[in-house]
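Q: First to last, the sequence lines map onto chains A and B. Read left to right, the first sequence gives residues 0 to 151 (numbering that gives the first Met the number 0). Read left to right, the second sequence gives residues 0 to 142 (numbering that gives the first Met the number 0).
Hints were generated in silico from the structure; no laboratory data involved. In this text, a Cβ means the ideal position worked out from N, Cα and C, and glycines have one as well. Honestly, I wouldn't trust all of these hints.
To spell it out: a stretch of chain B is covered by chain A in this simulated footprint if at least three of its residues, at any positions, have a beta carbon under 8 Å from a beta carbon of chain A; those stretches are [stated by the list, open to error]:
| hint | segment |
| --- | --- |
| 1 | 13-23 |
| 2 | 94-102 |
| 3 | 116-124 |
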Amino acid sequence: MKANLVSFLSGIVFAIGLGISGMTRPAKVIGFLDFAGAWDLSLAFVMFGAIGVFFVAYRRTRKMRAPLLAAQFSLPTRTDIDAQLILGAAIFGAGWGLGGFCPGPAITSLASGATPVVVFVAAMAAGIYLHAMVQNLGRSRPAPLTVASVDS
Amino acid sequence: MHNFTPLAALIGGILIGLSASAMLLLEGKIAGISGICAGVLNPAKGDTAWKAAFIAGLLAGGLLLRIFLPAAFDFGIIRPYGMLMIAGLLVGFGTRLGNGCTSGHGVCGISRLSARSMVATMTFIASGALVVYLVDHVLGGAR
Chain A
0 MKANLVSFLS
10 GIVFAIGLGI
20 SGMTRPAKVI
30 GFLDFAGAWD
40 LSLAFVMFGA
50 IGVFFVAYRR
60 TRKMRAPLLA
70 AQFSLPTRTD
80 IDAQLILGAA
90 IFGAGWGLGG
100 FCPGPAITSL
110 ASGATPVVVF
120 VAAMAAGIYL
130 HAMVQNLGRS
140 RPAPLTVASV
150 DS
Chain B
0 MHNFTPLAAL
10 IGGILIGLSA
20 SAMLLLEGKI
30 AGISGICAGV
40 LNPAKGDTAW
50 KAAFIAGLLA
60 GGLLLRIFLP
70 AAFDFGIIRP
80 YGMLMIAGLL
90 VGFGTRLGNG
100 CTSGHGVCGI
110 SRLSARSMVA
120 TMTFIASGAL
130 VVYLVDHVLG
140 GAR
């Protein structure tokens, strides 16, 4: 229960950070990706700020046996760089540039009630289900693929 | 760069970092939004409540923005519906195939010095820039 409250409050802070930073505005996102136009470097500073803080927090975990409210850390374990990683990131980036939204800002922006955001999020959910279907097809083949479930 | 807003971006980034740090230090979880979304859409027993609570927090934070910082939803550019549908599909599918998005790879992964996340982040920024170039400079823009 306490952990779910932490998740809820963290979600609120995350959304406010997205809103203040400009990540909820496709004009800023597309401006950041528009190297050939009026390039707007602002969103690089979102990464500097977030990485600066999280880098320190992650270093801190090395001295901890367990997180404060859970039995263990659940961290990504994969280190291989495979075709799925690169293809997936390339597909995601294409959608990010095309729409101007990535998942967090899109969900946060649902609160605006704007129809285009609802359309984007519905399509994003469809994309997630489509991937799950494709993955299941792979699993039902005679020689099953090993699909790592660890998320970064 | 007439729209350059580094201070707001930095402050927002710090808040995002604090949120992700709270998830890590208190719950031991990585705040990767695409993975959290997928976990809510395809629930696994015992690992869904925290994800649903986080998404509820994003929505509640969105409502606070709507009240106190409505400029956060001055989208500026809204692509046509057809393009948004394709974009959403690509974002949903691509983040699952590549195991993460801007938060999981771009923030948490890079901070952990994960080579996977560094490669993923460079890749999605490059492909995003390529698509923006094609849409806004070759095809004349759809805004």
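Q: Can the segment 116-124 of chain B be counted as covered by chain A under the rule of three residues or more with Cβ-Cβ separation shorter than 8 Å?
A: Contact hint for the segment 116-124 of chain B vs chain A: holds, 7 residues under 8 Å.
Q: Apply the coverage criterion to the segment 94-102 of chain B and chain A: a residue qualifies when its Cβ sits closer than 8 Å to a Cβ of the chain, and three qualifying residues are needed.
A: holds (count 9)
Q: For the segment 13-23 of chain B, count the residues whose Cβ lies under 8 Å from any Cβ of chain A; is that count three or more?
A: That given contact holds, which follows from 11 residues of the segment 13-23 of chain B lying within Cβ reach (below 8 Å) of chain A.
Comparing the model with each earlier hint shows no violations; every hint is respected.
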